[in-house]
Each structure stands twice: as structure tokens, then as C-alpha cells.
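Protein chains in written order, with my numbering: chain W, 40 to 254; chain B, 40 to 254.
Check the hints yourself; a few may be wrong.
So, partial list: chain B residues that the calculated Cβ filter (under 7 Å) puts toward chain W [unchecked claim]: (1) 105; (2) 157; (3) 180; (4) 182; (5) 207.
From chain B, some residues computed to sit far from chain W (all C-beta separations above 12 Å) [said to hold, decoys possible]: (6) 74; (7) 76; (8) 115; (9) 126; (10) 141; (11) 158; (12) 206; (13) 212; (14) 216; (15) 229; (16) 241; (17) 250.
Hints are computed from structural coordinates only; laboratory data are not their basis. Backbone N, C-alpha and C fix where the C-beta goes; we use that ideal spot for every residue, glycine too.
There are 2 protein chains.
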Amino acid sequence: MQVEQDLLAKNDRIAAVNRARLDATHTLAVNLMSSPGSGKTTLLCRTLELLKGQTPLAVVEGDQQTSFDADRIRATGVPAHQVNTGAVCHLDASMLLGSFELQAPPEGGILFIENVGNLVCPAGFDLGEHKKVVVVSVTEGEDKPLKYPYMFAKADLVLVNKVDLLPHLDFDLERLMGYLAQIRPEATVLKVSARSGEGMESWLAWLGEARSAIA
Amino acid sequence: MQVEQDLLAKNDRIAAVNRARLDATHTLAVNLMSSPGSGKTTLLCRTLELLKGQTPLAVVEGDQQTSFDADRIRATGVPAHQVNTGAVCHLDASMLLGSFELQAPPEGGILFIENVGNLVCPAGFDLGEHKKVVVVSVTEGEDKPLKYPYMFAKADLVLVNKVDLLPHLDFDLERLMGYLAQIRPEATVLKVSARSGEGMESWLAWLGEARSAIA
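The shape of chain W in the complex, shown without the other chains (with noise of 0.2 Å):
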């Protein structure tokens, strides 16, 4: 469809005009998504309670309706800047360009956008961001990479989150990883835990190695 393609050309060029002004500050910019409720919120607060008064920080939050996401970031110390989508099922480019008008990318540091909780709709439309990370939680069923292919296809990172709940479900752990193998080979995956911390650490070394890689 002609008007859809004409849309993402136009993003891709101010997508290109995001990267250039996160570049030139030497910051590290991280495109989380995932499903709603696969617990990006939590892993992100606990992300940045972890990297703060080391690393310059900074979130810009995509929401239908609501900035509960935002107030809980701020609550951590870190600032935040909320985008509500509306009608609009995830973040384009220019969402991002107008928040650095109202919140600078931190220079040399992490700038976190959290996306609008969907696993279709933000594949599409590339931010001018250095990474993606894709977050899926082991409460989801093992199949989501097959079933929503463009998401996982572009991931530079899978995060499994809720691995404390393994114990307490049917699910397959090796099952999820060979379809992540099938759709998208290249992506480093993490097991994580938000909530016991599992798996921190290699998330935050993941994390230091891309702005080594942009520094």
C-alpha cells in the first residue's frame, strides 16, 4: 500500500536524523519492547536503581493513555519523559525527535525508550535507536518468535523475563529458544528475573559492551 510505504520512508529519515543527534552525545539509545505485561516497567526500574550515579540515564516512555510508567521511573531518581501514543499502537521517529526537544539524550550515557506494549505494531518503525531488545516473559507461552516473526526477526537482544516463575508453570524453556534460534540466530538471549534479580548482571555487561561499541 502506497500510503503505508510513503510512512515508513519518512520515518526512516527522521529515524536517521534520531541517530545522528544520539551519536554526536555519544549515547547509547535502547529500544525495549515487548507484549503488555511481560514486566519491562520493573526490569527497567530495576536496570536503572543499578546504573545510576554511574551512567548517565535517561527514559522516554511510550503509553497508550497513562504515565504510570513514567512515575515509575521517576521514582527511581531518573528522568523521564512520557509519550501517550492515543489511537497510535507504538512509537514512530518523530515521537522520539520532539521528546529531545523536552529531555536532551544524556551524553555519554543510556537512554532507555520503552515502547508501547505490543509485539506487532513498534517492529515496524525503526527510532534511530543502536538496539533493540526484545522482552518476553516465560508466562507467555513458548511460541511468541514464530507467531510474531518481524518483532524477534530485528532483536539485537531477547530478554526472558520471569524466570522465577518456572517452577510454577508448564513451559519450555528449550522450546522458546530454538524458535528464537529459527527466527533470529544472531540475538544474544538473557534469562532474567526483575523480581529476584537472576540475570542482572549479564543484562548491565550487555548493556556496557554496546556503549563501549558507540563511545
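Using the hints provided, position chain B relative to the given structure of chain W.
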């Protein structure tokens, strides 16, 4: 945006055709919507097992990719038509109309339509169904009704799924109920577990009442 309004107006006209067709065969059509991983398919399979033999049944399965869910439905013995939406994030009325050419609505029975796992986009598209059912699982966080208000604002019934996991979660069911009451006080809310069977009788009773209303 004009394009979007034209699209929705066209969709509504096709939805009206679908509704007339379903009414003519006294088929109750139920549109099941949720996040990815809320347990819709497992809940639906269990529902079909309980209803089959008593009620004519069929399923239309919407997924971005794969026929995993349709295969799970067919394993219950109930016919299923798979719609793969590709890059599209929701079912629309024309997709349902197309399905009728390949799988007739079950006369005097129930047609379950399992929408694409997505709490944003399916809310905008009337399919011509009689009832909209939103499934939300207790692993997803209490704030979903306020964060995805368009979806919850149209729900006739909210099924709160996976309640067997409540002892292992930090989940405040009362808080969820309060938010639901703010967004959609008219909706019926039922707690269910597809795994333990809790609440399935109430859900079947709700379906029975909905069938009586259109017979």
C-alpha cells in the same frame, strides 16, 4: 486522518453484513481479544472441550504468522479457519467475511473468533460479532485497563485468566477490578483458570445467556 476514517467506515459496512449473516443462522459470534500470551488459546481449547457435542461450534483464528493455534483448536475436534494477517495487527470485518466462504458459521451455535494477540489495534475494528471478550491474565500487571483503555472500554466481558498463579505473584486483584470499573463499569468480570478449571462454569453460563439473547 482521512485515510483512517474511510478505512473504518468501510470496515463498519462489512461488519454490518457479517452481523446480518450471523443473525440469519442464529450463530453467536464472540470476539476474543488480549495481549500475546494471556492464555486465550488454552482457554478456548478447554471451552471447546466442554461445549462440543452439545453446541455447534467453529473457530476463526487470527495470527500474524503460523497455524499453531488453529492446529491446537482442530485437535479438540472443532473446525477452525486460520487467517494469517501478515504485517497487519488485527482482524478486520472483510477477513471474517472471507472466512465464511470457506467455513460456514455454525447454525444455532457459537463462532469463536480469536483475534491477533494485541491490546491496541483490534479494539478499533468491529467484526460484526455479538460480544467482545477481553482476556487479561494475572501475570500482566493490574494497570492494563487504564493503559489500553480503548480495548477495555468496549468489552462486554473481561476474563481474568491464570488465577491459579495468584499465590506466586505480587498481583493485586482488587486494584485490577477497580481500574476495570473506572473504564467499563458495564462489563461482566469473571475469574478463570484454563489450567485448574476454576471459573469455567460461570464462563459457560455467560455464553449460554448470550446465546439465548440472540436465538
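message: Could you work out which of the previously given hints the structure breaks and list their numbers from low to high?
response: Numbers 6, 7, 9, 11 and 12 - these are the hints that the structure violates, sorted from lowest upward.
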